[in-house]
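Heads up: the sequence lines are chains A and B, in that order. Under the working numbering, the first residue of the first sequence is numbered 1, with each subsequent residue one higher. Under the working numbering, the first residue of the second sequence is numbered 1001, with each subsequent residue one higher.
Bear in mind the hints are in silico, worked out from the structure with no lab data behind them. Any given hint could be a false lead.
List time: in silico DSSO-like cross-link candidates among lysine-lysine, alpha-carbon distance up to 27 Å [claimed, not checked]:
{"no.": "1", "chain 1": "B", "residue 1": "Lys1099", "chain 2": "A", "residue 2": "Lys436"}
{"no.": "2", "chain 1": "B", "residue 1": "Lys1404", "chain 2": "A", "residue 2": "Lys88"}
{"no.": "3", "chain 1": "A", "residue 1": "Lys88", "chain 2": "A", "residue 2": "Lys124"}
The primary structure of each chain is shown beneath.
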Amino acid sequence: MAFAAKLIEREKKIEDCPPIFEPKYKAKLEGLREVLRPPVKEVTIGVGDRAVTIGGKVCVYRHELTWYRPTALFFDVTDEAPDEEVMKRVKTVESFEYERIGAKIRLQGIAVRCTSGDRDKFAKMVSRISEASNLPLVLCSYDPDVIEEALIVAGKRRPLIYAATKDNWFKMSKLALKYECPLTVSAPGDLSMLKSLAATMRKLGLDDLVLDPGTFVEADMLSETVNAFTMLRLAAIEGEDKDLGYPLMAVPAAVWLNPEKNEVLVKMRESYLANLLIARYADLMIMHSLDPWVLLPILVWRQNVYTDPRTPLSVKPGLYEIGPVDDKTPIFVTGNGALTYFLVKGDVERSGKGYLISIDTEGISVESSVAGKRFTAEKVVEALKSSGVEKKVKHRTVIIPGKAARISGELEELLQGWRVFVGPKDCSGIPEFVEKVWSKEVKLE
Amino acid sequence: MVEERKGGAPKSIEELFTLLDKAKELELEDVDIVAEELALEIVPSIVQAAPPPAVAPPAVAPPTEELVKAVFKPPVGKYAAKIAVVQIGATGSEGGTRKKVIKIGGETVPPFYHFEGVLPHRPVIALDVFDSPPPLPKTIKSYYKDVFKDHVAWVRKCIDEFEADLVTLHLTSTDPSAENRPADEAARFVDKVLDQVEIPVIVGGSGNPDKDMLVFEEVAKVTEGERLVLASVTVDMDVEKAVKAIAKHGHNVIALAFLDINQVKELNRKLLSGGLPKDHLITDPSTGGLGYGIEYTFSIMERMRMAGLMGEETMQVPISCAATNAWVAREAWMPADEWGPREYRGPLWEITTGLVNMLAGADLFMMMHPVAAKTLKRLAEALSKPKAEKLVKEAVYDKWVTMKA
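Isolated chain B (complex conformation) (with noise of 0.2 Å):
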């Protein structure tokens, strides 16, 4: 059942959307990153040489007119261990079938510390696609009403028009409280999704830990080859007996805890002990929308990759971050004239809720809302780009105080 509303998306989320589009400010190339250019220190500039004072200073320090002269060294920390870079989609002659890949991970820094070292892969956004019309937020629902029964137009919608990286596509349908799609039909259908677009596909479960199990199963040995993403698996899972499901058929693992990082190190640890090449494995130690809890994921991503920098075996993976569960927030989607318009909300709700975990470490972003899914991507392009000192020094940034604004 597709719900059928009269007028389609508000006038002011379209124009805006529109204008996205045409915002030049936020149109940047893509970021490839040559490593020298980015064998970078910072150089220290020049201090200004104030003229020297007339007279002989007195002995009681008084005030002078030459400024103290000093450079600016920024610490630079030491990192004993790299982040595993995990490929998502394979080629034809790697075993799959995918005309592109995508590379997340690789760090040897904390997030976006271009004075420490080089960010060899920048974060990449995944737009939700769902193979049962889900329960969407009005705000989301008026983008992708004419694809709902079209799936394989909704993906490639996510990727021409919205400019997803990649797409997950959910098979909420297999959900046993719902449809109860048998696993074979859900793998089929993966499968024929697969053979329609070019792009590496996240393929999530209902949720439910039993049936996700059949269903991975199925998914993985349908796909062989093709280094898809399963999402997720869980503590309430028979962990190795999926890691045997999924590895043996070359696929990566989105690992799923809830907010509890000892309970991240606890399923990673029997995943990678399990068989699952390190290089296969993403971290999601659950996502707090803001206001719900994101302070907590804010933190364990931080920790996580701060651990898995120093040397914690199973935190050297990408961590992904649903940014999606921002819409958990009443504040993202209730009408509420107080708040102003929720067709702005929304979308910068979910902005705010990838962005600060894009700080925190995050390298993989779930996302439904276009505008924001837009937006968080040329964030990722922006934070990614190596220094740029000499735009700064002639940029105008006094000029602030005197704006007309």
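Just chain A, with the same shape it has in the complex (with noise of 0.2 Å):
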């Protein structure tokens, strides 16, 4: 019974009870894949370690329970661009890496576009993509003789194929069905027909489908985009409708359809519409722009977002040793949010070392929680204590945040025989403050 409640509550998988596999529990296996069948399909896009799931949630509002799954992230490349150019891209795309709040966040996947409507020029775009990298692809065309030259030399890495339409998906739905592709189904601006279309294929018995309802990015028509979202995601949890019960793609790659003329602009529109449309549960975008300034700000929206609402992401509290410590190494102090440790610790590991107190703010940031009543004087000069910090060090000083200063009073009253020192209001300033402050007024020999 606990492991079912778990797996209900998704914080076990099937793969953790390894007897279910034996050949004698099929039915029963199968049995419980249904009923766990989340109400958005997971679908699995690519083959090996870059492989990508998408979909798998479980609720519209993250706050009911979590969003799984976290917006996969293709960019774009066509098979008329020069080979240099598209290798610089793929190999910028599948190297590239930012650590976040100790997570190594990535991209996920290469869409190749075919704007030369020639298959054989295509299928040599994807076979030397495939090649050069292992990356999970989108295959994308309206042209199902084009799909196929791609999938004869790419299909065995399960791409997902782009897209299967009122005008072409039966012959689209042939190729996912013998190549084993998961098929994105496309109806811009039209719900009934993308349903017909799921609910069709469905019928062939494709299950490995995702939706494109269309990315309207024009500002008359962007609450459209929004609308689509959303009811396509109310439609698959709350109205349990099977049809629509897959991953939403969505393409913010489509605001060079029609763009201004200052590049940074579009690129700046690019940016935070693909932060609405992971707002409203696109499960997979195609993006064009691949410049850090555009990225960044999705790449932390997505993980914030995706974080577990039920836990704030945080650190132990107590005491940490930064760096080759002594008796000499001053002491710091700050909450326990995971992003509040990871970035107070860079900074101290930028300035030498330091001893690192991180005292229990629930997760939450410095300034709410000293707002909050959640980092007290009290609670520093219990962390300190506790901690066992005294008997490393000669000196009888301890920086707390700037953020914090207005508890420095109360906190050199309770701590007597102590000097406290109130450090900078964003502790990127931690090494300069050590550096012209703290090293100066304490004179240790």
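Hints in hand, dock the two standalone chains.
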């Protein structure tokens, strides 16, 4: 029972119960899979260590449980672009890595667009990319012959086919069945057609589907896009509409269809619209811009919104030794929010070394926890005493965050014989603070 | 002390801003919503009839060339309650002297659910004006350098040039740990600015709860009837006393809680039971900037709005969001070559912080960067547009596959 409850809460997976994979339980396994099937199906694109699974959503509003399977980001290339340029883009996407709050953030795949209309050219480019990289691919063309030529060379890599439409769905469905690849159904601006296409694909035996309701980015149509995504997700989860219980594709790259002259503005638009679409349930997005300043807000928002709202990201409160500490090392106090801790840790590292005491602020930032009485003088005293740091240093000084300045008076009263330093408001100022203030004022022989 | 910098704003952002002015796609007419236009449902489109199969289909479900017919019906939620409409500013006939008033709130459905109901008022943007030179990020400072000493000009610049809906006059000079300007003097300053501008304003304190109480009392008295917004009343203040001082002069209040939905409820209940009319209350659960707690804010706002619509009295009020908190993030202001120009990162950070919270239900946005403010206003207008099914049907979307970008 306990295991069953954990399965439902999604704390455990079926894979955590090996006996059920024995042949005699086959029927039971299938039954269990059906029971546990999330209202938005999980669809895997690609093979190997870079394969990505999208969908898997069980709630509309994040606070109801958690959003699983972060939005996968695919970047476009065309079959007519120079080889060198394409390879450079592919490598950039493949090797991109940004570390934040202890997690390595990556980009997911490549969307190959057939702009040439030439099936051989397209297949050649797809083949070239598959040889150079194991990133998952989306194959983009409305011509089934073009898609098949590419599937012949890359079908085993489980690319996502884009797209089956009201005009080509029959041939596309056959390709998806033949090559066992996931398939996008696309019906821009027509949700009844989208449902109709999805229902047809299901009837034909396809279950790895992705839905594309169209990403209309112009100001006079943006609300329509937001509404379509919202309605689809509500229909899948609250309306239990099985035809629409599939991941949603969004195309922020569509800002380049009708771009204003200033490229910076278009890129900005692509960036904030991507974030709007992440907030409105996009499971996979196709992007064009690869500039770090465009991607940074998207990667941060995606990481933030896909955390478990039931448990704020935090580190264990206590004493952390950063760098080659000794008895002349400064003592810093901060909260235990994961972001706070990792930022301060990084800046203490840059300053050389430090004892870092993380007090229990329930994962909340220093500023909010000072205001909300989670970061108090009493708590600092308690953490300082119980950490045993007193025995490790010769000095009796402690540095508190600039944002906690208002507790410094009370802290000095409570900590007889200690000197309290108010550190910089932003921890990026720690190295300078240690060098110019703390080291000068605290004389240790 | 105004910091003097040579060269003004970085070229790129100036250019960006000028272009934003001209960007035709973003120039939207004011949304003037008429109820009957909006009594909409999704009209099921006709499913294309595929040609019937030439031969009778065999018995074992084979692939046929016929589409399964389907009609999409949006699941329409039912909500028990309505968010109060808060009016900011009062005209001459209403006991004030404003030429223009602003209304926020009034929702009966979740944010931008046009398929469920009408959104009576779009979210609005308030730009910050400070009574003493503030420690602003360089990317922002250059836009306001010329008006730091002339607050009326500063307000006008925000409204006329940067198209903000209203402004927040921050009385930071009243901070006891800084200039400690007396409350009555600060109130006279507000009154003087009001004399010279036509728009309604929000008045912000210094964040010191004891001093803010004195300042709010004075401002409320001196500007009686203007229906301003006083920001903010927190749990650290004598809430009942604050209500008495503010409500008796007819003003609105922003109630600021600290990322805790229970605190929001407690504080709002105290304000309401203390005698503040519901249509004079705006709630602010605290805004974590992008990367710095934004997900807490997003989820708290979503929960608050849903709870309000479902019948929770204390949440049936418009929500305020301090998008300015985006600037806490070092990604927004710190020079870092590997992240690209901070002149782009900063406004984008503020836009994103505002935008996702707009989708969560926020009605009023406190902002600093002019480009961010203008962009978010355009987005508020766009998202508030009722359905555009016809436009979408005619739009060219599928060409993204073959476009030459």
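Hints, verified against the model:
1. Taking the CA atoms of B/Lys1099 and A/Lys436, the gap is near 54 Å; set against the 27 Å cutoff, the hint is violated.
2. Note on B/Lys1404 and A/Lys88: the hinted pairing holds, with a Cα-Cα distance of about 18 Å set against a maximum of 27 Å.
3. Straight-line distance between C-alpha atoms of A/Lys88 and A/Lys124 comes to about 17 Å, which keeps the hinted pair within the 27 Å bound.
Checked against the numbered hints above, the structure violates only hint 1.
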